[in-house]
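Chemist: Sequence:
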Amino acid sequence: MEQNRIRLFSLLFLLGALLWGETSDWKCALTVFEGDLAGENHFLYRQIPLQLYHEISSYPDHFMSEEEIAHKSRNAFIASQEKLLAQWESLLEQRDALLFSEDPIKYESLTKEINSLRKKYDSADTAGNEEPSSRAISYLAPGEGGILFSSAGEAREEEPDFIITGTIDDAGDFILIELTGISAAREEPLPLWSGAGKTDEIERLVGEMADAVKKTLLGRDWSALSVSADPSRAQVFLNGVSLGVGAVDEETLMPGPALLEVRYPRHKSYREEITLVPGSRMVRTVALEPGEEELVSILSEPAGADVLLGSVYRGQTPLVLPRPLLAEKMILSLEGYDSLSASLGPDTPDEVHYALTAGGVDWEEERLIAKDKFYNTLGWFSLSVAAPLILNGIRENQVQRANSAYAAGDMDTYDEAYNRAYYSTGVFWGSMAVSGALLGVSITRLVKYIKASEKSIEQR
-18 MEQNRIRLFS LLFLLGALLW GETSDWKCAL TVFEGDLAGE NHFLYRQIPL
32 QLYHEISSYP DHFMSEEEIA HKSRNAFIAS QEKLLAQWES LLEQRDALLF
82 SEDPIKYESL TKEINSLRKK YDSADTAGNE EPSSRAISYL APGEGGILFS
132 SAGEAREEEP DFIITGTIDD AGDFILIELT GISAAREEPL PLWSGAGKTD
182 EIERLVGEMA DAVKKTLLGR DWSALSVSAD PSRAQVFLNG VSLGVGAVDE
232 ETLMPGPALL EVRYPRHKSY REEITLVPGS RMVRTVALEP GEEELVSILS
282 EPAGADVLLG SVYRGQTPLV LPRPLLAEKM ILSLEGYDSL SASLGPDTPD
332 EVHYALTAGG VDWEEERLIA KDKFYNTLGW FSLSVAAPLI LNGIRENQVQ
382 RANSAYAAGD MDTYDEAYNR AYYSTGVFWG SMAVSGALLG VSITRLVKYI
432 KASEKSIEQR
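Taking this note's numbering, the leading residue of the sequence shown gets -18, the next gets one more, and so forth.
A hint or two may mislead.
Here are the simulated DSS-like cross-link-like pairs (lysine-lysine), alpha carbons at most 27 Å apart as the crow flies [unchecked claim]:
no.	residue 1	residue 2
1	LYS179	LYS195
2	LYS354	LYS310
3	LYS53	LYS64
4	LYS64	LYS100
5	LYS53	LYS195
6	LYS53	LYS87
7	LYS64	LYS8
8	LYS310	LYS429
9	LYS100	LYS87
10	LYS53	LYS196
11	LYS87	LYS101
12	LYS310	LYS352
13	LYS64	LYS93
14	LYS432	LYS310
15	LYS432	LYS354
16	LYS432	LYS352
17	LYS196	LYS8
18	LYS196	LYS179
19	LYS87	LYS64
20	LYS53	LYS93
21	LYS64	LYS101
22	LYS249	LYS195
23	LYS249	LYS354
24	LYS352	LYS249
25	LYS310	LYS8
Listed next, with one range per pair, are the computed distances between beta-carbon atoms [what the hints assert, rightly or not]:
no.	residue 1	residue 2	range
26	GLY374	ARG137	54 to 60 Å
27	ASN56	PRO259	28 to 34 Å
28	PRO303	GLU346	31 to 37 Å
29	GLU346	ASN96	53 to 59 Å
30	GLY417	VAL222	42 to 48 Å
Source of the hints: derived by calculation from the structure; they are not laboratory data.
Bear in mind that the values here come from a model prediction, so they are computed numbers and not experimental data.
Ideal Cβ placement from N, Cα and C applies to all residues, glycine included.
Hey, can you work out the whole structure from these sequences and the hints?
Modeler: Okay, here's the thing in structure tokens:
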């Protein structure tokens, strides 16, 4: 029964993995700083790393280095080999227990499994299969709550990818700070930053620390950009992507050439080709000049199509609309014709023509049909899961019956039970194949159901 439950859980896990996939974060931890401070300054051991956390906690994804990729690949390979060894030892113990039991069927089956595992262990790829990727940065917290671990040793127990720690010492009217990083992918600690200042300069010191640690946390070079726009509701774009409205501060941009734009209705747009320098901040103050509002003329063949911009009805073609500051989804629909989806934005020509296709597919009806097909297939798959479990139980009963008959010397019963066990095994694997096929069909029909649902929403 235990094996049956494992098979059932495996099937359910496979379905979940296919539908939802897996994610993995790059885990970071911060510790309380150590050192030699006067009693009235002991609060700095916690205050400085806490302020540093608030500076860096909004940083985006970490880009994996070759060193980290190799480290994770080695760990994955070692874990895989350890799992194979544990399975191998378990099978050896089971087979050794049958050494004097006169059960040739099970003994031979275990021997085949042992040999198969041995080949898999010997042929394993030591390079692993970790691919270069970016991972969202997450921050671990100690079990008792809070943000800071008491020491690097306590933080290591949570197996982070990176630990930030440091020391603070008195030096007369100044304090000396050394910031250190500990990476899971290397043996030696990494010096991140060192500096000195007075206790009333903590904000400046923490800002310098954040800049120093930023490249390590991001896994790449960075640049900063500050833009102050007038009017205050003007929208700021970098390479066509909106950074925000009015006053914008970006800390983790990719260095290199870029197009900076500031736009606002009834004002002339501002455009500048800039070059973002690694490790530095560019500052721009932009005041837009009043100008004419830009318009877009929308035509369709045939005319009279309803136009939705985003989720708002804007009228029927031919139609003239203000040019959006950001690209928005536009849907044209006319009875007897297929709905047409397009994008309307800053780069759209002054006049656009769309030809609607006759047909008029009712996507709501298609959605309902796809839904019924998916649920029917999923129902059959759910029912099919029981068949392998039942057949496996029958097979095991026949094997036990054959063993008992063999021990009693009843060869007729032994032959009968052996044949039934052999037949049940074939039917068992056949039922597993059917379940697998139904699972594949269920996933395919789920994808079709989702697509039909998306089309139905667009058509409304």
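Chemist: Taking the hints in turn, state whether each one holds.
Modeler: Hints, one by one, checked against the model:
1. LYS179 / LYS195: Holds: LYS179 and LYS195 sit about 23 Å apart, inside 27 Å.
2. LYS354 / LYS310: violated (30 Å)
3. LYS53 / LYS64: holds (16 Å)
4. LYS64 / LYS100: Between LYS64 and LYS100 the Cα gap is close to 14 Å, so the pair holds against 27 Å.
5. LYS53 / LYS195: Distance ~22 Å between LYS53 and LYS195 Cα, so the pair holds.
6. LYS53 / LYS87: violated (38 Å)
7. LYS64 / LYS8: Satisfied, since the Cα-Cα distance of roughly 24 Å is no more than 27 Å.
8. LYS310 / LYS429: holds (22 Å)
9. LYS100 / LYS87: holds (20 Å)
10. LYS53 / LYS196: Answer holds: LYS53 to LYS196 is near 20 Å, not above 27 Å.
11. LYS87 / LYS101: Between LYS87 and LYS101 the Cα gap is close to 21 Å, so the pair holds against 27 Å.
12. LYS310 / LYS352: OK: LYS310 and LYS352 at ~26 Å, within 27 Å.
13. LYS64 / LYS93: Distance ~18 Å between LYS64 and LYS93 Cα, so the pair holds.
14. LYS432 / LYS310: holds (17 Å)
15. LYS432 / LYS354: Status holds; Cα separation ~14 Å.
16. LYS432 / LYS352: Between LYS432 and LYS352 the Cα gap is close to 11 Å, so the pair holds against 27 Å.
17. LYS196 / LYS8: holds (16 Å)
18. LYS196 / LYS179: holds (26 Å)
19. LYS87 / LYS64: holds (23 Å)
20. LYS53 / LYS93: violated (32 Å)
21. LYS64 / LYS101: holds (12 Å)
22. LYS249 / LYS195: The hint is violated at about 36 Å.
23. LYS249 / LYS354: This hinted pair is violated, its Cα atoms lying about 54 Å apart.
24. LYS352 / LYS249: With Cα atoms ~50 Å apart, LYS352 and LYS249 exceed 27 Å; violated.
25. LYS310 / LYS8: violated (37 Å)
26. GLY374 / ARG137: 54 to 60 Å: violated (47 Å)
27. ASN56 / PRO259: 28 to 34 Å: With Cβ atoms ~31 Å apart, the hint holds.
28. PRO303 / GLU346: 31 to 37 Å: This hint holds: roughly 36 Å between Cβ atoms.
29. GLU346 / ASN96: 53 to 59 Å: Because 56 Å falls inside the window, the suggested range holds.
30. GLY417 / VAL222: 42 to 48 Å: Distance hint for GLY417, VAL222 holds at roughly 43 Å.
In summary, the structure is inconsistent with hints 2, 6, 20, 22, 23, 24, 25, 26 from the numbered list given earlier, while agreeing with the others.
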